[in-house]
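Which chain is which? The protein sequence lines are A and B, in order.
Residues 251 to 553 (this note's numbering) make up the first sequence, in order.
Residues 1409 to 1638 (this note's numbering) make up the second sequence, in order.
Keep in mind the hints are simulated off the structure, nothing from the lab.
Owing to the predicted nature of the structure, the values given are computational and were not obtained by experimental measurement.
It is possible that some hints are incorrect.
[Said to hold, decoys possible] In the DSBU-like style, the derived pairs of lysine-lysine whose C-alpha atoms are separated by at most 30 Å in a straight line are: (1) Lys254/A with Lys1503/B; (2) Lys254/A with Lys1539/B; (3) Lys510/A with Lys364/A; (4) Lys254/A with Lys1541/B; (5) Lys1455/B with Lys1518/B; (6) Lys350/A with Lys387/A; (7) Lys364/A with Lys350/A; (8) Lys1519/B with Lys1541/B; (9) Lys1519/B with Lys254/A; (10) Lys1541/B with Lys1503/B; (11) Lys1518/B with Lys254/A; (12) Lys510/A with Lys299/A.
[What the hints assert, rightly or not] Here are the in silico distance ranges between beta carbons for each label pair: (13) Gly548/A with Gly1517/B: 20 to 28 Å; (14) Arg1626/B with Leu444/A: 50 to 58 Å; (15) Asp507/A with Asn1524/B: 55 to 63 Å; (16) Thr441/A with Asp1413/B: 51 to 59 Å; (17) Lys1519/B with Arg266/A: 23 to 31 Å; (18) Glu1529/B with Gly548/A: 35 to 43 Å; (19) Ala261/A with Gln1485/B: 23 to 31 Å; (20) Ser268/A with Pro1579/B: 42 to 50 Å; (21) Asn1524/B with Ala462/A: 22 to 30 Å; (22) Ala462/A with Glu1529/B: 20 to 28 Å; (23) Gly1634/B with Ala462/A: 31 to 39 Å; (24) Arg266/A with Ser1416/B: 41 to 49 Å; (25) Arg1594/B with Thr269/A: 47 to 55 Å.
[To be verified] Some chain A residues flagged as far from chain B (calculated, every beta-carbon gap over 12 Å): (26) Gly296; (27) Thr309; (28) Ala323; (29) Asp373; (30) Gln411; (31) Met455.
For glycine and all other residues, C-beta sits at the position ideal for the given N, C-alpha and C.
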Amino acid sequence: MRLKFIFGEVANGLRRNSTMALSVVLVTFVSLTFVGAAALIQMQIGDLKSDWYGKVEVTIGLCPENARSTQCAAGSVTADQQEQIRKVLEEGPVSDLVEKVYFESKEEAFENYKRQDNQGISDLLTADQMQSSFRVKLNDPEQFQVVSDAVAGMPGVDYVQDQREIFSQLFKFLNAATVVAAALAGIMLLTAGLLITTTIRLSAMSRRRETAIMRMVGSSRTLIQAPFMLEGAFAASLGAIFAVGALYASVRYVVGDWLKSSVSWVAYVNEADVMVVAPYLIAIAVALAGAASVVTLGKYTRA
Amino acid sequence: MIRFDNVSKVYARGAKPALDDISLEIERGDFVFLVGSSGSGKSTFLKLILREERPTDGEIYVAGRHLNRLSNWRVPQFRREIGAVFQDFRLLPNKTVYQNVAFALQVIGKKRHIINSTVPEMLDLVGLAGKEKRLPHELSGGEQQRVAIARAFVNHPPILLCDEPTGNLDPGTSVGIMRLLDRINRTGTTVLMATHDDEIVDQMRKRVVELKGGHLVRDQDRGVYGLERV
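This is chain A alone, in the form it adopts within the complex (with noise of 0.2 Å):
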């Protein structure tokens, strides 16, 4: 029976309310993007960082001819300086930190040039114009330092590369994509809470006279309260649902599809990770609602 007049009632008060309850739905669905998007981008970065940080080597660049750098005015590499180079990583203090040692030679940094290229620029090279290199993978990507020390400025060496740095241009564009998208969901959240707000005041104040003759005849508070608490919990958690499912399209549909299609050597957000997020997002609309609730209620619902 109560279950039964709350949900009537519940039912009752949006359909009154409507645009009202449209709105709640769609501030928190937008919102709630923005929150969800925030967080995607977020563990991409940490998919991202697992991914190509276990992948990333220490690219030592062997002195080529015709060198312009200062190191290698001495022409290039010699195979004797070769070899130096090859003992300080496989047999020098360094060796502990150095998982694998490998070598690319012209031939090989051209083969490998030629597989990616997809623009035709090779045709205009030869392998001799390429740069041999070690490819240094180490056991510990973050004592990067202390290898580079130890080889840059032996002579041979033309450069020392961290690949981790190449990402970091990226990862600093994806954190500062997360600032504003949390921003934005943080001001989109605070609107969303003053529309519930709202929206539960005018539906309270639109059954001020059923209210009221519920507190005259003793109904219990929680009776009296649970209606309007529900509409705002049920308008926010349908907006986190819209949220849910507009971002489980766009992981599917862009990044799945799309991006995967055009740029398909990187992991990507899937809609595994979508799933993750959702009860979050759900939990947050309600506790949103609930907030809002408490905050409105004690007013013109008392005892």
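Position chain B relative to chain A; hints supplied.
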């Protein structure tokens, strides 16, 4: 049933008290008229009984409960012991007669079969049998007040508070309402009725309690509206 011990109520600090040191006892089954001009403290008196307001001073006991010590969460349970009827009926305009009465039972969690058996019985008692499906605006003022009384009494509370129940009704209709209240009183229900209607008070010859400027100036068995007119 209702007892006031030296009760005072001051709304704003320093203001003249709305009620000043009222002591009064109303027994089970009494029918009491509460009279006095506007601003005499009648409304405050009723609000204190309903625990819509709390006394500034003094003790109030209603239906076996000490209201000063009644915690907020017990108030709903307490209100089920009191039926209330108002001058403006306070019916829900979009609900039928039946639904208006049933509403009072629904919202205190009564089972459907109890509602289905009690509501027609109550509508019969107040003389509205056959008008269950009407909406309030399709009824006369007197009939609307009967619906309100049915709603107040449907849970058989031991106390019925009536605040100017005939205030919006013509004299003929008022007599019918008073007969109904008298009948309810004869079932053992304590009835306390605030009113301006001197004819009714004079006709009924019940106990009369008069307030004036927040003071209890008269408490008379089988009284009339104004002493000066006797």
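Going through the hints against the structure:
no., hint, in the structure
1, Lys254/A with Lys1503/B, "17 Å, holds"
2, Lys254/A with Lys1539/B, "26 Å, holds"
3, Lys510/A with Lys364/A, "22 Å, holds"
4, Lys254/A with Lys1541/B, "21 Å, holds"
5, Lys1455/B with Lys1518/B, "26 Å, holds"
6, Lys350/A with Lys387/A, "5 Å, holds"
7, Lys364/A with Lys350/A, "25 Å, holds"
8, Lys1519/B with Lys1541/B, "21 Å, holds"
9, Lys1519/B with Lys254/A, "12 Å, holds"
10, Lys1541/B with Lys1503/B, "9 Å, holds"
11, Lys1518/B with Lys254/A, "12 Å, holds"
12, Lys510/A with Lys299/A, "18 Å, holds"
13, Gly548/A with Gly1517/B: 20 to 28 Å, "23 Å, holds"
14, Arg1626/B with Leu444/A: 50 to 58 Å, "54 Å, holds"
15, Asp507/A with Asn1524/B: 55 to 63 Å, "59 Å, holds"
16, Thr441/A with Asp1413/B: 51 to 59 Å, "53 Å, holds"
17, Lys1519/B with Arg266/A: 23 to 31 Å, "28 Å, holds"
18, Glu1529/B with Gly548/A: 35 to 43 Å, "38 Å, holds"
19, Ala261/A with Gln1485/B: 23 to 31 Å, "28 Å, holds"
20, Ser268/A with Pro1579/B: 42 to 50 Å, "46 Å, holds"
21, Asn1524/B with Ala462/A: 22 to 30 Å, "26 Å, holds"
22, Ala462/A with Glu1529/B: 20 to 28 Å, "26 Å, holds"
23, Gly1634/B with Ala462/A: 31 to 39 Å, "33 Å, holds"
24, Arg266/A with Ser1416/B: 41 to 49 Å, "43 Å, holds"
25, Arg1594/B with Thr269/A: 47 to 55 Å, "52 Å, holds"
26, Gly296, "48 Å, holds"
27, Thr309, "72 Å, holds"
28, Ala323, "88 Å, holds"
29, Asp373, "82 Å, holds"
30, Gln411, "70 Å, holds"
31, Met455, "15 Å, holds"
This entry satisfies every hint, going by the numbered hints stated previously.
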